[in-house]
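Residue numbers (the numbering used here), protein chains in the order written: chain B, 1 to 261; chain A, 262 to 506.
Just so you know, not all the hints are guaranteed correct.
[As the list claims (entries may be wrong)] List of simulated lysine-lysine pairs, DSBU-like, C-alpha gap at most 35 Å: (1) LYS379/A x LYS12/B; (2) LYS379/A x LYS23/B; (3) LYS486/A x LYS255/B; (4) LYS250/B x LYS293/A; (5) LYS471/A x LYS174/B; (6) LYS255/B x LYS293/A; (7) LYS173/B x LYS340/A; (8) LYS12/B x LYS328/A; (9) LYS62/B x LYS174/B; (10) LYS23/B x LYS328/A; (11) LYS482/A x LYS250/B; (12) LYS372/A x LYS328/A; (13) LYS173/B x LYS379/A; (14) LYS253/B x LYS372/A; (15) LYS482/A x LYS471/A; (16) LYS173/B x LYS390/A; (17) LYS340/A x LYS246/B; (18) LYS173/B x LYS482/A; (19) LYS293/A x LYS253/B; (20) LYS471/A x LYS12/B; (21) LYS174/B x LYS482/A; (22) LYS246/B x LYS328/A; (23) LYS471/A x LYS253/B; (24) LYS255/B x LYS328/A; (25) LYS255/B x LYS340/A; (26) LYS253/B x LYS486/A; (27) LYS246/B x LYS372/A; (28) LYS482/A x LYS12/B; (29) LYS174/B x LYS340/A; (30) LYS173/B x LYS62/B; (31) LYS246/B x LYS482/A; (32) LYS340/A x LYS23/B; (33) LYS379/A x LYS328/A; (34) LYS174/B x LYS293/A; (35) LYS340/A x LYS250/B.
[Unchecked claim] Which residues of chain B face chain A? A few of them, derived with a C-beta cut under 8 Å, are: (36) VAL10; (37) LYS23; (38) GLN44.
Simulated from the structure, these hints should not be mistaken for lab results.
Backbone N, C-alpha and C fix where the C-beta goes; we use that ideal spot for every residue, glycine too.
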Amino acid sequence: MSILIAGINVFKGQLISELILMKRYWLNLAAGTVNMFLFLIFIQFGIRSFGGGVSTEFLAGKMGTLIVGFFSFSIIGVGITSITSRISDNTATGILEQTMLGPLGIEWTLFFGAVTQFATALVLYLLLLPITMFLCGHFFKLNMLQLVLLTVPLWLASCGVGFVLGAASLVYKKTQNFSNLIQFLILTLMVMPSYPFSGYSLLPISPQAAILHSVIVLHQPIGWGWLAYLFAQSAAYLILGSIIFKEAEKYAKEKGILGQY
Amino acid sequence: MLSIQNLSKMYLVNGQRTEAVQPFSMDIVPGKVYCFLGPNGAGKTTTIKMLCGLVSPTTGTITYDGKDSVENGRFLRQKLGAVLEGARNIHWRLTVRENIDYFCRLHGLAKYSDRAEKYMRMLLLEQYKDTECRYLSRGNQQKAALACTLSLNAEILLLDEPTLGLDIEIGRTIMEVINHERARQRTIIVSTHDAEFIEFATDEVVLFRKGQVTPLSSPNKIIAKYGNGDNRFSTAYLQLLSGLK
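Using the sequences and the hints, build the whole thing.
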């Protein structure tokens, strides 16, 4: 069996099970969608209410920043939690060890699961963003193709962070509060001045979020060099995260604590 | 052939060295059913997990067809399927059939549906195949886990206490399925305390006692040697243990 065919089958398995669970637990999916919808609506109505007599042009710029900021934060959240929650869910239900028995190893299974969750979240956002903007009667120019293209490296880098957190949960087990702390780290990374290039551009998530804001909200052009850098840096953090995860897996196997909850 | 050389596992518990499994060597001959037998905490589960690659040995090697299990982890994982202890083998929110799909795909397989149907039929799971596993009884969940593992068509099966806590009828069904696999020359390693299971479904008994691993012989030979005229395996086993004390 070639690795490619095995990989395709693992991906199919993750995708199909994800779709089954979405359909079966439709109320959870619906609540998540409504939650996302309301958040987008409230961002837009909220800023209009508080804006008072401020000009519509001024508000348009701020609204774009808020919406794209919320979108970036959510995609980062999807990238991280799709890895960490799968590990904790699999540990709680007990199938983590079975998942590890797959020939490709757990990293690929986690990654393919994360791809399906990312795709779902992206589709929902791309549907809800225009709807909520239409309902609120406020538009800002949104290049969907650019948005999708720039979201991918942001998500990849987030998966790298997810693997590091997953590694911590393999070894330390109860890490929920640690994961909560990461939210503040993410917010900090998102506001770092990492575009144009500076030392901060080497950090994960930071240049990806900065460029997404710059291109989508401020409509600044981005060169091929930067685009290549974003993808390469994100891939590097993803690989680094998976190496750290592999080391944690090795440690857990030595201690015999792999399947413990 | 699965070859175990000088395999051991030592844990540090509160700074104290605890030898969960003392060094042992043995060859697992293809097509035979091996029974890991011994009291709780004797090292059976640790050994099964070492064979699966879920616990790293402190010393020793495991090779399959001459290939080292650490260096060729992917190769070995393709060759084996396991039902681990407890209800920790299936996705509770998926149905029996969906679980089989999920785990077969997880193992990179595409064509398995005929096998899956066969094992669901043999394990009397047909009426439950579209039922979410969380609604199943403990016994049917265990049968579902076994159906998933058997559908992988792995060369080696590792079963940790497959009949633990199950009623006689379900235990018997599982035993019949294992015997069917035994007839197909599948290599099976099973950890169990079920005397009937050992007597009628296994070829070789390996004794685990306080981390010491001793390959013995067939259940029939053990009965003949230690049974004192009683032809039950449980009597022979207790006699054997009392002789070791």
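- Given the proposed pairing of LYS174/B with LYS293/A, does the C-alpha separation stay at or below 35 Å? violated (42 Å)
- Message: Would the hint linking LYS471/A and LYS253/B be met if the CA-CA limit is 35 Å?
- Response: holds (21 Å)
- Query: Are LYS246/B and LYS372/A close enough, with their CA atoms no more than 35 Å apart?
  - Reply: holds (30 Å)
- Message: Can you confirm whether the C-alpha distance between LYS174/B and LYS340/A stays at or below 35 Å?
- Response: holds (33 Å)
- For the pair supplied as a hint, LYS246/B and LYS328/A, confirm whether the alpha-carbon distance does not exceed 35 Å. Holds, at roughly 22 Å.
- Item | Pair hint outcome, LYS253/B versus LYS372/A [Cα-Cα no greater than 35 Å] | Since the Cα atoms of LYS253/B and LYS372/A sit roughly 31 Å apart, the hinted pair holds (cutoff 35 Å).
- Query: Does LYS471/A lie within 35 Å of LYS482/A when you go C-alpha to C-alpha?
  - Reply: Holds, because 23 Å separates the two Cα atoms, which is no more than 35 Å.
- Query: Measuring from the C-beta of VAL10/B to each C-beta in chain A, is the shortest one below 8 Å?
  - Reply: Holds: closest Cβ of chain A sits about 6 Å from VAL10/B, inside 8 Å.
- Can the restraint linking LYS379/A and LYS12/B be considered satisfied, given a maximum Cα separation of 35 Å? holds (23 Å)
- Query: Within a Cα-Cα threshold of 35 Å, do LYS255/B and LYS293/A meet the stated pairing?
  - Reply: Cα-Cα ~31 Å, so holds.
- Message: Run the distance test for LYS471/A versus LYS174/B: straight-line Cα separation, threshold 35 Å.
- Response: Distance of about 31 Å is within 35 Å: holds.
- Item | 35 Å Cα cutoff - pair LYS173/B, LYS390/A | holds (34 Å)
Hint check: violations occur at hints 3, 9, 10, 11, 13, 18, 20, 21, 26, 28, 30, 31, 34, 37, 38; the rest are consistent with the structure.
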